[in-house]
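Residues per chain, in single letters:
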Amino acid sequence: MTATAERLFEGADWDFQKLQRIHDACEEIARSELGLDVYPNQIEVITAEQMLDAYSSVGMPLFYKHWSFGKHFAHHEAFYRKGLMGLAYEIVINSSPCISYLMEENTATMQTLVIAHAAFGHNHFFKNNYLFKQWTDAEGILDYLDFAKSYVAHCEERHGRLAVEQTLDAAHALMSHGIDRYPGKKKLDLRAEEKRAGDRRLHEETAFNDLWRTVPVGPVKSEALLSTERRRKLLGLPQENLLYFLEKTAPRMQSWQRELLRIVRHIAQYFYPQSQTKVMNEGTATYVHYRIMTRLHQQGRISDGNFLEFLQSHTNVVFQPDFDDPRFSGFNPYALGFAMMQDIERIVTNPDQEDRDWFPDIAGTGDVMAVLRDIWANYRDESFISQFLSPRLMRRLRMFHLHDDPEERAGVRVDAIHDERGYRRVRRELARQYDVGYIDPNIEVVDVDLAGDRRLMLRHAVVKGAQLNEADARRVLQHLANLWSYDVSLVEVDAADKVLREHVVSPRAIAAAA
Amino acid sequence: MHIIDRRLNPGSKSLENRQRFLRRAKALVQGAVKKSSQDRDIRDVLEGGEVSIPVDGLNEPRFRREGGTRDMVLPGNKKFIEGDVLPRSGEGSGRSSEPGEGDGEDAFRFVLSRDEFVDLFLDDLELPDLAKRKLAEAENQGLHRAGYATSGSPANISVSRTVRLAMARRVALRRPRPEAIAELEAEIAECDEARRAELLAQLEAMKAKVRRIPFIDPIDIRYRRFETIPKPVAQAVMFCLMDVSGSMTEHMKDLAKRFYMLLYVFLKRRYRHVEIVFIRHTDRAEEVDEDTFFHGPASGGTLVSSALQAMHDIVRSRFRPADWNIYAAQASDGDNSHSDAAVASRLLTEMILPVSQFFAYLEVGETGGSTFDMPDSSLWTLYQRLRADGAPLSMRKVSNRSEIFPVFQDLFHRRSKQEKAAP
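If you're matching them up, the sequences are chains A and B in order. To convert, note that position 357 of the first sequence is 544 in my numbering; the numbers rise steadily by one, no gaps. To convert, note that position 371 of the second sequence is 393 in my numbering; the numbers rise steadily by one, no gaps.
Hints may contain errors.
Derived DSBU-like pairs (lysine-lysine); straight-line CA-CA distance at most 30 Å [unchecked claim]: (1) B:279 to A:252; (2) B:100 to A:651; (3) B:279 to A:465; (4) A:205 to B:35; (5) B:229 to A:465; (6) A:382 to B:35; (7) B:35 to A:252; (8) B:48 to A:336; (9) B:290 to B:279; (10) A:336 to B:101; (11) B:35 to A:651.
Among chain A residues calculated to face chain B with C-beta under 8 Å, some are [claimed, not checked]: (12) 536; (13) 591; (14) 603; (15) 628; (16) 693.
Don't read these hints as lab results, they were simulated from the structure. Note that beta-carbon positions come from the ideal geometry of N, C-alpha and C, so glycine has one too.
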């Protein structure tokens, strides 16, 4: 590590040898100094158009065909052409090998930044964070997507494009409610999933299902046997994974429709950790690229000019506008994440008395990377913020908490600010903003009227008086009813179990259900 | 670590998704295309461009929550202290609304390519009653490539295919390459006596092999094969008859030209075998080329029969009614000299309508005038009478730019069989 090491590149141009050298230099620092543990890297250079392609299929390299992706593509393209939107410098995929897409027009400095950011920062996070370990199967995802793509194409051939499209539309509408929020018994193994798909289709057609049995056998069961409790237990209710429930119990769906729901559900589950770790994920990657770039500069492998170029884009990325700034659109996950990582570094290496009071476990322990690696592995945004947001950072960002109650005529109340009385409340509220339990409406299947008209009953537990948007809720329920083939009702109840509103939707004929 | 250059991969991975999206949004996009074509020049219209469609009907609904009490943590406090109550003005509520999804997004803009635009623009239009099909004469038959054959005329030898096969055969039979022989000869020239004999024998064997295995054998030769496929061709001719007399105001001429421009684009794009004849007339008619038709100035009195006579002459000299589907579209303000009515009527009923598949008449009116107020002109009355007698005539009135496309579409809308029977 001499200060006169050879420069990795000069100027802005790069070629593939230089990329290789950059990667190797980053890897050396990432492994030896930061102690990162990453999947093997695969770096792919793509054009702007290919980047747009990737945007429209949620960043994945291959995906089944559906009109909604075309819609997003058209939308992004129109914005990009007009110059309203820049493109990301990179996209990184949680897979093994970890694929990072780099844009061809990046300068050599930007490629270095992006490799450090994505190929090491995000990559380490994907491999080590408990949520990703629990919910995603990095080895299998690309094969599974390939399977999904060909399966959808195959269904279109056999059952017609319209029927497949209707099923996928419905599944997409319910996608955010196709997630298991609590860890199951086993880890998701997408490869095995793919192999089992065929067997399952055959099996399910012959399998027992309480709903399918229409011919009474033997003496009619007594009322007691069909009690609510027993019925709910048979159906596994209450169930908040709506797609799972439909896949397993919807009475009139074809087996291929069930498989499609399963595919959409698996993909939703794959993205579930990403939505819960935006701040941490970006914070980790930004912190890692900052450390690596600084080190490369110290070693003399990046020139001063290129380092300034890096600093300029780095500061753009971590810029946090104030709430009254016209550019403000919520907390910038890069800014918040990076600020917290740096703050933790300060607490670990150079704490003051306040830090010792607030963070006795980590203050002054000295080994920054050990602390950070532990945090990266074991927290998600909500728990990360509620434990590691320090008073000093709240003061620096001048955070305050607003409470907006529509009943309150006078206006919005400032509930807490960055002072001694407010630190804990501000921190708790901010953490709650990142809690999926609060972000997504809590909707679950509570019952099916098996004795009567087979109506599916859903329940939305209203939190803080926020009810569902009426028009959208009806559209989603329409999709749900089309899959279920019988009426669907959704009641919105508040904490005191008072029914605030009820939506009832009847199915419309869907091409394949018959 | 792998580095992969994906830039050379085929692009447009999203093309199919895009087509699906367009198919789904077809009705909406068509509406938008037509709307955007009204306030643009026809030539620009065909360049494609940006359209915006209402996002409704294409939305992807999700359960969304709204209302209720909200808590938010924001950065950048300057002067607030705990307990302050901020009035709920635009600023206060505006900044906290969720961006992106939802009600705020009322229109969806995107760019259509030229082809997509024109396809949607002209979708579902066709020439009615394209009945006369004939086997085209020999010179119209195209030759189609049909692979390779082992026999044929020397002019059709496929050199690349032949050489390729020859090379494959030479490689397979291990024919010595000239370089190998030259190398051996060079070695012979240098080496000593004992070895020379051995090498000479080797050389002789090589040369014998070269003689045995020809460079190109007749079995290597391939000929390009062509097939002639006679195809029935529906030949059609469209006569565009435009009144450019003094009574036509600039506005009327603009309407008529727009109509013909649409017709022109439609025919050029949809039919490969359509001839278009442009005739403009005042009190006398002349056949002009496309450019003069659309852009040349002219003025004078009005004699509709002159145009009909010109059309009739051209049909007689160039387009045998037995072979050709004959169409005509006439645009006029409807003024015609009284004395001409009888002549025009006779020409139409006796000469033109019997040989025509379809005759469209477009009457253009003054700006602002509602189409319903236009009094029936002399030409209109005449055509109405003919129509009542069962002639294949369609007639429409137009007085506004925005009506051009609907009327055009109405005239050339794809009809089902029954409709055709009873026009």
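Going through the hints against the structure:
1. Taking the CA atoms of residue 279 of chain B and residue 252 of chain A, the gap is about 43 Å. The hint is violated against a cut of 30 Å.
2. A C-alpha spacing of about 28 Å is found between residue 100 of chain B and residue 651 of chain A, which places the hinted pair at or below 30 Å, so the restraint holds.
3. Our distance criterion of 30 Å between C-alpha atoms is broken by residue 279 of chain B and residue 465 of chain A, whose separation comes to about 59 Å.
4. Of the supplied pair hints, the one linking residue 205 of chain A and residue 35 of chain B holds, its CA atoms being roughly 29 Å apart against a limit of 30 Å.
5. Proximity of residue 229 of chain B to residue 465 of chain A is assessed by CA-CA distance (about 76 Å); at most 30 Å being required, the pair is judged violated.
6. Between residue 382 of chain A and residue 35 of chain B the CA atoms are separated by roughly 27 Å; this keeps the pair inside 30 Å, and the hint holds.
7. Our distance criterion of 30 Å between C-alpha atoms is met by residue 35 of chain B and residue 252 of chain A, whose separation comes to about 10 Å.
8. Proposed proximity of residue 48 of chain B and residue 336 of chain A is supported: the alpha carbons are some 25 Å apart, at most 30 Å.
9. With a C-alpha separation of about 16 Å, the suggested pair residue 290 of chain B and residue 279 of chain B falls inside the 30 Å cut-off, and the hint holds.
10. At roughly 55 Å between alpha-carbon atoms, residue 336 of chain A and residue 101 of chain B are farther apart than 30 Å, so this suggested pair is violated.
11. Straight-line distance between C-alpha atoms of residue 35 of chain B and residue 651 of chain A comes to about 44 Å, which puts the hinted pair past the 30 Å bound.
12. Taking 8 Å as the C-beta contact cut-off toward chain B, the hint placing residue 536 of chain A at the interface is violated, the least distance being around 25 Å.
13. A distance limit of 8 Å between C-beta atoms decides the matter here; for residue 591 of chain A the minimum to chain B is near 4 Å, and the interface restraint holds.
14. Among the interface hints, the one on residue 603 of chain A holds; its C-beta lies about 6 Å from the nearest C-beta in chain B, closer than the 8 Å criterion.
15. Interface restraint check for residue 628 of chain A: the shortest CB-CB distance to chain B comes to about 5 Å, inside 8 Å, so the restraint holds.
16. About 17 Å separates the beta-carbon of residue 693 of chain A from the nearest beta-carbon of chain B, more than 8 Å, and the hint is not met.
Taken one by one, the earlier hints fail for this structure at numbers 1, 3, 5, 10, 11, 12 and 16, listed in ascending order.
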